[in-house]
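*Asks:* Now for the letters of each chain:
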Amino acid sequence: MVKEAERTFLQPQTMSNEPTEFYESDEELLRMFAMMVLIRRFEDKTYEMYTRARIGGYCHMNHGEEATIVGSIFPLRDHDWIVSFYREHGHILARGAEPRRVMAELFGRQDGVSHGRGGSMHLFDANRRFMGGYGIVAGHMPLALGVGYSTKYRKQDEITLCLTGDGGMANGASHEALNMIGLYHLPVVTLIVNNLYGMGTTVEESAANPNLWERGEMYGHHGVRVDGMDVMAVKRTMEDAMRRASDGQPTLIEAMTYRYRGHSVADAARYRTAEEVQSWRDQDPIERFYRQLLDAGRITEEQRAQIEAQVDAQVDEAVEFAEQSPQPDPSGLLDFLYVDPPPNV
Amino acid sequence: MVKEAERTFLQPQTMSNEPTEFYESDEELLRMFAMMVLIRRFEDKTYEMYTRARIGGYCHMNHGEEATIVGSIFPLRDHDWIVSFYREHGHILARGAEPRRVMAELFGRQDGVSHGRGGSMHLFDANRRFMGGYGIVAGHMPLALGVGYSTKYRKQDEITLCLTGDGGMANGASHEALNMIGLYHLPVVTLIVNNLYGMGTTVEESAANPNLWERGEMYGHHGVRVDGMDVMAVKRTMEDAMRRASDGQPTLIEAMTYRYRGHSVADAARYRTAEEVQSWRDQDPIERFYRQLLDAGRITEEQRAQIEAQVDAQVDEAVEFAEQSPQPDPSGLLDFLYVDPPPNV
Amino acid sequence: MPVLTYRQALNEALREEMNRDESVFCLGEEIGRFGGSYRVTEGLLDEFGPERILATPISELGIIGLATGAAMTGLRPVAEIMTINFIMVGMDQLVNNAAKIPYMFGGEAQVPIVVRTPSGAGHQLTAQHSQVLEVWFAYVPGMYVVAPSTPADAKGLLKTCIRDNNPILFVENVLLYNDKGEVPDGEHIVPLGKAAIRREGDDVTIVSYSRMVNVALQAADALADDGISAEVIDLRSLRPLDMDTVLASVRKTNHAMIVHEGWRKYGAGAEIAAQIQELAFDYLDHPVQRVTGAEVPLPYAQSLEAAALPQLEFVVDGARTMVGKR
Amino acid sequence: MPVLTYRQALNEALREEMNRDESVFCLGEEIGRFGGSYRVTEGLLDEFGPERILATPISELGIIGLATGAAMTGLRPVAEIMTINFIMVGMDQLVNNAAKIPYMFGGEAQVPIVVRTPSGAGHQLTAQHSQVLEVWFAYVPGMYVVAPSTPADAKGLLKTCIRDNNPILFVENVLLYNDKGEVPDGEHIVPLGKAAIRREGDDVTIVSYSRMVNVALQAADALADDGISAEVIDLRSLRPLDMDTVLASVRKTNHAMIVHEGWRKYGAGAEIAAQIQELAFDYLDHPVQRVTGAEVPLPYAQSLEAAALPQLEFVVDGARTMVGKR
Ligand SMILES: Cc1ncc(C[n+]2csc(CCOP(=O)(O)OP(=O)(O)O)c2C)c(N)n1
Ligand SMILES: Cc1ncc(C[n+]2csc(CCOP(=O)(O)OP(=O)(O)O)c2C)c(N)n1
Ligand SMILES: [Mg+2]
Ligand SMILES: [Mg+2]
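Chains as they are written, first to last, in the working numbering: chain A, 127 to 471; chain B, 127 to 471; chain C, 940 to 1265; chain D, 940 to 1265.
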């Protein structure tokens, strides 16, 4: 049952607003800011391209979740791993994949990151150890367990970040994966992008105890909740979690955020009020980070304008590239089905 | 991770040994005692009959777990429900099923409680609202959720007792069922018969946090651990849980006990030491209850002897009945497959 | 007769059965306020309230298990699994519990549940969201697998299934929901286990079910232009499987073709082909043919997806070749 | 050649492959101290330690998911699912992840995993513990399904599967573990997708796999007494499916019978029958016959269980009738 005190925690206004301390270089901070803007603009363009029928299938966007993404992915090192879910456009961008190859995938083209086979939900980038987006809710969490186990098996210093949704925490796959990650003391950080809804279902309608971070304890993880609209708060939490992970102590982070748009492009999100959406937009992570940077003298208005212009150009170029890239030839229908199959498959 | 303090809790000697207060009538107490003896002797006979090839298949016995069984099942009222798992001979006996029809089922005979179709793992008694034993670990827990939901739907005052094992708590089915039971405030009491092992795997090897009762909180249940070798402690815990259940507050009880024999008749249980087994046998729930009753002047040596003689006769009669009952006729192979099927099935 | 979409026909069946029998209730993800992922339960929450239109967490074992347990106590749950692709995480409850309980407890328990779920590909939903998996359940004794192809059948079969006392997988199709057709008002019941002859013909029997019946009918039109008269049979259910109707047709046409969307090898068509040759061997002028989806996880790109789905022209060409009019 | 049991042959294959390649490791319930529920991994814990012989909780999604995720990083996990009956709670990871990952990511990832599991009934294990479910996985493009019937194949095929780069369901059988046979020492590799002719014959082709190959061979003995010469084919794998070998035999014998333990309708035999009639129609003197398990959840009573399993006499009688020597 939800106690009143906890329920109010789900409101953005109760979140911490302490002045942020930065140890990051200007360059690093601006890279973070630029990435948040890129994700936002990329998703705007995705939406536009969907309505123009360039993109099909299910398409889930990250508007509003930029702080959870950049805050958790930027601290990762090149040799760390990511396992994600279907709402992952921003995740793979933050990991450094080329926007044009991501857009080409959304267009279903041969130059897409999954060569047009995966689409929006199934982006992949082996070189960046981005182990894919998956469409079965919570079905990717056992994969993160496996990647983490591999690290331990190979005695490497790698961390696996598993991004997942709040609704998926009701599924048995989350339970089995988190328990085993804790049991084997794996260097895995699980970040719940708690956007308060799984489709039209609120967290309170899906979890008997909606304080999801509290599950950490039962799974042998350190559990922590963080303001997911504050990129620096997420980043600090992630940095702590990475330190613990290296010591074999997994962490379960619940990052409180909000998706501005519907569950997918097709969802008009009638199950929530305009006021609720606005109350979160008022906490916009990009604007908030901009204020923080501005207050700390780490960004100027001109720099912002410049970043935005660069990002816009990048996104336009991505669309152009995608338009140009060919659809996979139907003769390749059976490609990639098996590795070195015997002749009679 | 298991903290030391918790690990020692798993030792029987640290369990409460306060003098027991009884409000039960002599008759009730003796019925409880007799049932514990019946379960023990029935299982002794089951073992014997298995070695004499009267019983086949998988056969899991309840030696040592009598207090968890009688303590949780005796408080139930006629209109309450039970959903159980494959280690359920004692469960159905405690619910009042005729030992001879249970033995006939173990023998695979037509007069068995499941008409010879189910065997040891699949005992059933509709009249007593004993909704069966199931063989997929934790797979019965979603059924208990369903029975509990039915009670709420029909606006009845019924309680569902779900008996389950410690090992099964690692399975996703337990997670989904317990969460939904909590979410819907169902009148369900889940009792984990924690016998410290799932086959050869210890609780600490199966649960990142082996304090299973603590999961109650995350599932919106009241969570409690009880000394499962003390039938009165279990009974009091169950009574409390039933009161809460009627108010729509489910309870997760972790009853600490031990199975004296291997996982099934076929298992020699080489994964544990003779000393460990002995330390639990020293806490034998039947002897312990007998002492408690004796100290309180509620039983005499003669009464015990009489009960044992009666139980022995009952068990012998059960075997005789089972021997006499016919095997199902092979012509009935397709019986019960469908209810009123169309001609061409 | 009123014209309804397949979706509306299902909705009407649910509404009528819930009004008729208080023990009927629905559960599943997003079936309440959201109205159902494919809007089949739209409006029912307002009419019946949240206990009878139970929107659940993303817990497929929980959903099917809840339905099964409740059914054992006398209720008649109708569970929705959002799409058949997600049934894997819940199927243990359906196959190991629901389908086995009546038999393994020697008839002491019944499990009158309907699990509704859409199957099939289309709209670039890709590998994990475009599967046709009902054949798995048709394999399981103790289950029924029903799959209507028309709005009228959607209503009539769903009503029948809700009243039936066995565990039933009720397979809808993502691309049929908007199909329109005449649907009888009120009490309209379609019996289980009776295939429908959708079009009569003499030269070749095309056996199909669910959405592919439409493709078969289109093919029959095209074949008619060539002077080939095709009989189109809609199985309506994979279990029970009405081979009598199929065999009677094949004995007349001497040519049989099976069309379905699922993968070819070990697909539903294999069983039908196997039985046709077992039971009408001497009537066959040509081997039984199968037209199916390509054996790949469904790819995203339009070019590839189109190539992976069964094509009208394969049906037409196959039938032409078979009857020797190519 | 050394004589080993099927169980020992598997154990030897695991040991050899783990010695050969450090990236190979085993995981599953009770495979460590307990030695494996059917003792296939006995002794390996002592030899390789708990990281390479990982005994897991009862978490089938966790087991198959761990294997899949680890495989994507370059390891070669061999997962044991204690029996195929428990695979349902874990199969989402196998079908929706392992089998689809290589394709849906456009070849950017590989999933070299083997999921070992015993299938089949016997010893009164009843409805939830006696199933034959491999046909479900054989339906799935992207998977292989391998099922050895002899100790030599158990070793040779398991070694091949561990070295293969595709996700593989490796189906053992509860009643074969104690079977003995000659098994080549050391490097012994059996290629994937090549059926074995276990006995040559001219009058009828009996196609089978796993334990039922033994029944087919017994039947062939009995038929020989009647002067009927049966050819017995062991498929060895359901996917890849070596129809070339089957068809060559049927073209010779003109009679085909399929024998398997699983249920009949939508069982593996349906596909084989469908393909035989598709591809050797003009060679068939008689419809392809199937001998299978009865379509019931397996009952407990000995009398009923015996009646539910495929009987030697059905094979013998069926073959006699088919070749007209009854
Ligand atoms: C096992 C399963 N059940 C249902 C679905 C359908 N579905 C897709 S996304 C979704 C909601 C998930 O919500 P959450 O985990 O909170 O992630 P979010 O979409 O909010 O980022 C559902 C129910 C699915 N993909 N998989
Ligand atoms: C899903 C599933 N996986 C594995 C098994 C095999 N199995 C049967 S009982 C058991 C151990 C269960 O232990 P626990 O839950 O502690 O119950 P106990 O037997 O100790 O009473 C296992 C692994 C199974 N029946 N179902
Ligand atoms: Mg969400
Ligand atoms: Mg146990």
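In case anyone wonders, no lab produced these hints; they're calculated from the structure. Don't take every hint at face value.
[What the hints assert, rightly or not] Simulated restraints, written as ranges between beta carbons of each label pair:
id	chain 1	residue 1	chain 2	residue 2	range
1	B	Ala252	C	Glu961	19 to 25 angstroms
2	B	Val465	D	Asp1256	29 to 35 angstroms
3	C	Glu990	B	Glu443	46 to 52 angstroms
4	C	Glu1126	B	Leu460	27 to 33 angstroms
5	C	Leu1218	B	Glu443	38 to 44 angstroms
[To be verified] Pulled from the structure, derived: some chain A residues nowhere near chain C, Cβ distances all over 12 angstroms:
id	residue
6	Lys171
7	Arg235
8	Asp393
9	Asp455
10	Asp461
These figures come from a predicted structure and were not determined experimentally. Ideal Cβ placement from N, Cα and C applies to all residues, glycine included.
*Asks:* Would you pick out the hints that fail for this structure and give their numbers low to high?
*Replies:* Structure breaks hints 5, 7, 8, 9 and 10.
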